[in-house]
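Spelled out from the first residue to the last, the chains are:
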Amino acid sequence: MAHEEQVIKPLFAKGPSLGIRLLVFAVLSAVLMVIDARFETLKPLRSQMGLVLTPFYWLADVPVRVWDGATQQISSRSELMAENEKLKAEALLLQRRLQKLAALTEQNVRLRELLNSAALVDEEVLVGELIGVDPNPYTHRILIDKGEKDGVFLGQPVLDARGLMGQVVEIMPYTSRVLLLTDNTHSIPVQVNRNGLRAIAVGTGNPERLELRHVADTADIKEGDLLVSSGMGQRFPAGYPVATVKEVIHDSGQPFAIVRAVPTAALNRSRYLLLVFSDRRTPEERANDSAEAQEAADREAEQARNGEPATDAPAADAPAQESN
Amino acid sequence: MAGVQPRNGWVIWLSLALGLLLSVSPLPEFMQIGRPLWVALILTYWVLALPHRVGMTTAWILGLAQDVLFGTQLGQNALILTLITFLVLSLHQRLRMFPMWQQSMVLMVVFGLAQLVQLWLNALTGSRPPTLAFVLPALVSALLWPWICAILRGLHLRLNVN
Numbered sequence: 013m014a015h016e017e018q019v020i021k022p023l024f025a026k027g028p029s030l031g032i033r034l035l036v037f038a039v040l041s042a043v044l045m046v047i048d049a050r051f052e053t054l055k056p057l058r059s060q061m062g063l064v065l066t067p068f069y070w071l072a073d074v075p076v077r078v079w080d081g082a083t084q085q086i087s088s089r090s091e092l093m094a095e096n097e098k099l100k101a102e103a104l105l106l107q108r109r110l111q112k113l114a115a116l117t118e119q120n121v122r123l124r125e126l127l128n129s130a131a132l133v134d135e136e137v138l139v140g141e142l143i144g145v146d147p148n149p150y151t152h153r154i155l156i157d158k159g160e161k162d163g164v165f166l167g168q169p170v171l172d173a174r175g176l177m178g179q180v181v182e183i184m185p186y187t188s189r190v191l192l193l194t195d196n197t198h199s200i201p202v203q204v205n206r207n208g209l210r211a212i213a214v215g216t217g218n219p220e221r222l223e224l225r226h227v228a229d230t231a232d233i234k235e236g237d238l239l240v241s242s243g244m245g246q247r248f249p250a251g252y253p254v255a256t257v258k259e260v261i262h263d264s265g266q267p268f269a270i271v272r273a274v275p276t277a278a279l280n281r282s283r284y285l286l287l288v289f290s291d292r293r294t295p296e297e298r299a300n301d302s303a304e305a306q307e308a309a310d311r312e313a314e315q316a317r318n319g320e321p322a323t324d325a326p327a328a329d330a331p332a333q334e335s336n
Numbered sequence: 029m030a031g032v033q034p035r036n037g038w039v040i041w042l043s044l045a046l047g048l049l050l051s052v053s054p055l056p057e058f059m060q061i062g063r064p065l066w067v068a069l070i071l072t073y074w075v076l077a078l079p080h081r082v083g084m085t086t087a088w089i090l091g092l093a094q095d096v097l098f099g100t101q102l103g104q105n106a107l108i109l110t111l112i113t114f115l116v117l118s119l120h121q122r123l124r125m126f127p128m129w130q131q132s133m134v135l136m137v138v139f140g141l142a143q144l145v146q147l148w149l150n151a152l153t154g155s156r157p158p159t160l161a162f163v164l165p166a167l168v169s170a171l172l173w174p175w176i177c178a179i180l181r182g183l184h185l186r187l188n189v190n
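Going down the list, the sequences are from chains A and B. For the first sequence, our numbering assigns the number 13 to the initial residue and increments by one for each residue that follows. For the second sequence, our numbering assigns the number 29 to the initial residue and increments by one for each residue that follows.
Just so you know, these hints were derived from the structure itself, not from any lab. Remember, predicted model here, so these are calculated numbers, not experimental data. Fair warning: there could be bad hints in the mix.
[Claimed, not checked] Pair ranges (Cβ atoms, derived):
# : chain 1 : residue 1 : chain 2 : residue 2 : range
1 : B       : Q130      : A       : K98       : 56 to 66 Å
2 : A       : E220      : B       : H120      : 25 to 35 Å
3 : A       : F289      : B       : L185      : 49 to 59 Å
4 : A       : P185      : B       : R181      : 35 to 45 Å
5 : A       : Q85       : B       : N188      : 40 to 50 Å
[To be verified] Derived SDA-like pairs: lysine to any residue, alpha-carbon spacing no greater than 25 Å straight-line:
#  : chain 1 : residue 1 : chain 2 : residue 2
6  : A       : K55       : B       : L92
7  : A       : K55       : B       : L49
8  : A       : K55       : B       : T85
9  : A       : K55       : B       : W148
10 : A       : K55       : B       : A151
11 : A       : K55       : B       : F98
12 : A       : K258      : A       : R210
13 : A       : K55       : B       : L152
14 : A       : K112      : A       : A94
15 : A       : K258      : B       : T85
16 : A       : K55       : B       : L149
17 : A       : K100      : B       : P54
18 : A       : K161      : B       : F98
19 : A       : K112      : A       : L166
[Claimed, not checked] Reference listing, derived: stretches of chain B covered by chain A, where coverage requires no fewer than 3 residues with Cβ under 8 Å from a Cβ of chain A:
#  : stretch
20 : 56 to 67
21 : 99 to 110
22 : 164 to 172
Beta carbons: idealized from backbone N, C-alpha and C, even for Gly.
Could you build the full structure based on these sequences and the hints that come with them?
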């Protein structure tokens, strides 16, 4: 076939040999990888390219959206749909408030009379929607529809209605990537809600499992314990539910107990999620601020009582530190 | 090749874009580990059919697009796709003579090698799969090859892409 010959010829006629071209591209790729991993120079370029390629995720999701839309159309009118959407968002916001309740009750028991001074800051949140899932089944990352333009920042904690989901690891102008708790490169400092025992929960690559590292065999931890974020790494806000302990294995051959836990958040099912704008102040600043607020409140109360003899202002520092 | 004018190049790009789209489309959990290497498959067809149009440069740029899309290190998928293109180009003449099933076998080995390199690169960034399942996409892709090849050849001949 003359056509075939025409096509094959130029391969041998032009340019450097295949091996050399491979070498050039391989070196180029390696250099890019190193620069991308170690330096910040490529980040802006990357986020700009992300802007162009994000519609891909949107397009890829179209069949799912069309299907969802069709089922909704059949079941209800468009007004109802809008209202439903609004209610969902509202319910999500309310459920987040409830999440803190478990931790608060526990704290209440322990700190009873000091609690009223530990003004717990209620964080601001932003509702985001899932638009894509990482195609690599071994990494647990998702793409959400909020980005730099919405004020999302690197390392921002992400929640769903039931608990912590993960943190933002890459920001593009209108989207960002979230690393989930169960990715095997992710760890989160937690504590047992029942007794405050601290540990580190490491992702396993299994969407239904976290493992606690370096928990002593004699540690007081048992099946069914709720693990909440401890706020230790100053990345995640304290007190949000992370996981429930599923099993504790004591193996005399192992230096530590094997503790497995199931994330409370629906990591692979949630479509709407919350981005938390937690307090950016350092713990010391927060402690000082709440101590000052307490002092001011005490002074006011004293002035209100006026004639009564002044009682000592309670040591405001101690409860304030507890609030962290 | 001064005599051959590029014709209907958009078909190539459209099919490659479709490959990118398929590679990020949502799949049920159990099918995730066996996700076919759509981009590699479509690229392989065009490299085999039109080596003067689609070569390593195309593969590299496409790989970069994949990197941005997947959020991997820039250059990772670029390296993989370039490697696949290199192997396909160097086996080019034999591969075109082979019957379909034999092409599939060869491509399975090529994709398997690419997946192995992918595994090493993933291990460098810390997320490595614990099992041998990483070769599964290569197997699935090899099984899909005859169909992809037939569909693209149909398009190729009908639209007279050159």
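Hint check:
1. In this structure, Q130 of chain B and K98 of chain A meet the distance hint of 56 to 66 Å, their C-beta atoms being roughly 59 Å apart.
2. A beta carbon spacing of about 46 Å between E220 of chain A and H120 of chain B contradicts the range 25 to 35 Å that was offered as a hint.
3. As the Cβ distance of F289 of chain A to L185 of chain B is approximately 57 Å, the hint placing it in 49 to 59 Å holds.
4. The supplied range of 35 to 45 Å is met by P185 of chain A and R181 of chain B, whose beta-carbon atoms lie about 40 Å from each other.
5. Separated by about 42 Å at the C-beta atoms, Q85 of chain A and N188 of chain B satisfy the suggested range of 40 to 50 Å.
6. Of the supplied pair hints, the one linking K55 of chain A and L92 of chain B holds, its CA atoms being roughly 14 Å apart against a limit of 25 Å.
7. For the proposed pair K55 of chain A and L49 of chain B, the alpha carbon gap of about 23 Å is at most 25 Å, so the pair holds.
8. Between K55 of chain A and T85 of chain B the alpha-carbon distance is near 23 Å, which keeps this suggested pair within the 25 Å criterion.
9. Proximity of K55 of chain A to W148 of chain B is assessed by CA-CA distance (about 24 Å); at most 25 Å being required, the pair is judged to hold.
10. For the given pair, K55 of chain A sits about 22 Å from A151 of chain B by alpha-carbon distance, which is consistent with the 25 Å threshold.
11. Among the hinted pairs, K55 of chain A with F98 of chain B is consistent with the structure: their alpha-carbon atoms are about 15 Å apart, no more than 25 Å.
12. Proposed proximity of K258 of chain A and R210 of chain A is supported: the alpha carbons are some 17 Å apart, at most 25 Å.
13. Distance check on the hinted pair: K55 of chain A and L152 of chain B sit about 20 Å apart at the alpha-carbon level, within 25 Å; holds.
14. Among the hinted pairs, K112 of chain A with A94 of chain A is inconsistent with the structure: their alpha-carbon atoms are about 29 Å apart, more than 25 Å.
15. For the proposed pair K258 of chain A and T85 of chain B, the alpha carbon gap of about 51 Å is over 25 Å, so the pair is violated.
16. Straight-line distance between C-alpha atoms of K55 of chain A and L149 of chain B comes to about 20 Å, which keeps the hinted pair within the 25 Å bound.
17. Annotation: proposed proximity of K100 of chain A to P54 of chain B holds, straight-line Cα distance about 23 Å (limit 25 Å).
18. Among the hinted pairs, K161 of chain A with F98 of chain B is consistent with the structure: their alpha-carbon atoms are about 21 Å apart, no more than 25 Å.
19. Restraint check: the Cα-Cα separation between K112 of chain A and L166 of chain A comes to about 24 Å, which is no more than 25 Å; the hinted pair holds.
20. Here the stretch 56 to 67 of chain B counts 4 residues with a CB under 8 Å from a CB of chain A, which clears the bar of 3, and the coverage holds.
21. With 9 residues having a beta carbon nearer than 8 Å to a beta carbon of chain A, the stretch 99 to 110 of chain B meets the requirement of three or more and the stated coverage holds.
22. Counting residues of the stretch 164 to 172 of chain B whose C-beta sits closer than 8 Å to any C-beta of chain A gives 0, which falls short of three, so the coverage hint is violated.
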